[in-house]
Amino acid sequence: MLFEDQDIFGPRLRRPARGRRRKPVLNVRARSRASRRSRVYHAAVFVLVPAVLAAATVLAWFGLQWTGRLLFSRNDRFTVRHLDIAPGRVITEPLIREYTGLHEGMNLFAADIASIRRGFLRRTPVVKAMTVARLLPDTLQVAVTERQAVARLGRRGTLVTDGSGMVFSQHTGKKYLPVLIGLDGSQLRPGRRFGGLALDAARVLDMCERTGLDREVIITAIDVRGNFSGREQALRLYLAGGTTVDLWWVRGEADGTAPAEDLQARLVFLRGLMRRAAKEQKPVQTVNLTLDDFENNCPITPRW
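What the sequence shown shows, in numbering that gives the first Met the number 0, is residues 0 to 303, in sequence order.
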């Protein structure tokens, strides 16, 4: 009887075809190459897309700049022929022209208005606000708002302050202003803004002026050294006629500033006291407005 080799040795000794053994290796290599190509593609996209967007943004910016110069800052149609300046009482038109560099014949859009305004305000502390407006096609309008002095800083010199505590120089009219005494000399420079009790004193004077209380509560000086009548944050007011007032009020929690309601209520109460004293012809030497319940407990010393 004849037997085939496969019947004798069985299927385990059968040698597989070479082609079948190589297929898995080729598939793995193909998948590896495809995965590598995919990673390279995604990396290229990740790098190139932002670069292209950045380049497009830069080109667009330069394009807009060039178009803006062509249509506006290099357009003779927008040459300034009218420069309308509204000066202040101290700041004159020639000074505004000098400090800003604005003049007829320049291009309406050549000036950086924001930069001009910042530079002018920095050089002139007496100016509170400045507006520069373009009116097409050939007009620039400039206006300044000066600060209103409420007090002198010391009995000598030219330095004054407004209600916000900004220090500036004033050469005329200052002798009629109340004087702040007891100031720290290091703060007394034009362009500086002080705080603390000196700022509180400036706010007291500003409130009296804005509300008309200064017509009856005439303050000639304020001592800002504090610690009056047992209150660290109290001010001492000297009124025309010789009355001395120690004044304290509830400050704000965040920045120590004075809530308008409490301060104004105390000043109105003081006006009532002075009215009654004048009516009854009983001059007052001292008034203590530092207590919490000042309406019911306000120590007063008459003048004998």
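If you're looking for bench data, these hints aren't it; they were derived computationally from the structure.
The model shown is predicted, which means the values in this text are computed figures rather than measured ones.
All residues carry an ideal CB built from backbone N, CA and C; glycine is no exception.
One thing to keep in mind: the hints can contain errors.
[Stated by the list, open to error] No more than 20 Å apart at the CA atoms, straight line, and that leaves these computed lysine to any residue pairs for SDA-like:
1. 173 <-> 129
2. 278 <-> 241
3. 173 <-> 190
4. 127 <-> 107
[Unchecked claim] Quick list of the computed label-pair ranges, beta carbon to beta carbon:
5. 211 <-> 284: 45 to 51 Å
6. 83 <-> 229: 52 to 58 Å
7. 191 <-> 74: 40 to 46 Å
8. 49 <-> 183: 50 to 56 Å
The hints, checked one at a time:
Distance check on the hinted pair: residue 173 and residue 129 sit about 24 Å apart at the alpha-carbon level, beyond 20 Å; violated. The straight-line distance between the Cα atoms of residue 278 and residue 241 is roughly 17 Å, inside the 20 Å bound, and the hint therefore holds. Only pairs whose Cα atoms come within 20 Å are accepted, and residue 173 paired with residue 190 is accepted, the gap being roughly 18 Å. About 25 Å separates the Cα atoms of residue 127 and residue 107, which puts this hinted pair outside 20 Å; it is violated.
Hint check: residue 211 to residue 284, Cβ distance near 26 Å, so the stated range 45 to 51 Å is violated. Between residue 83 and residue 229 the beta carbon distance is about 57 Å. The supplied range of 52 to 58 Å therefore holds. Taking 40 to 46 Å as the suggested C-beta distance range, the pair residue 191 and residue 74 conforms, at roughly 43 Å. In this structure, residue 49 and residue 183 meet the distance hint of 50 to 56 Å, their C-beta atoms being roughly 55 Å apart.
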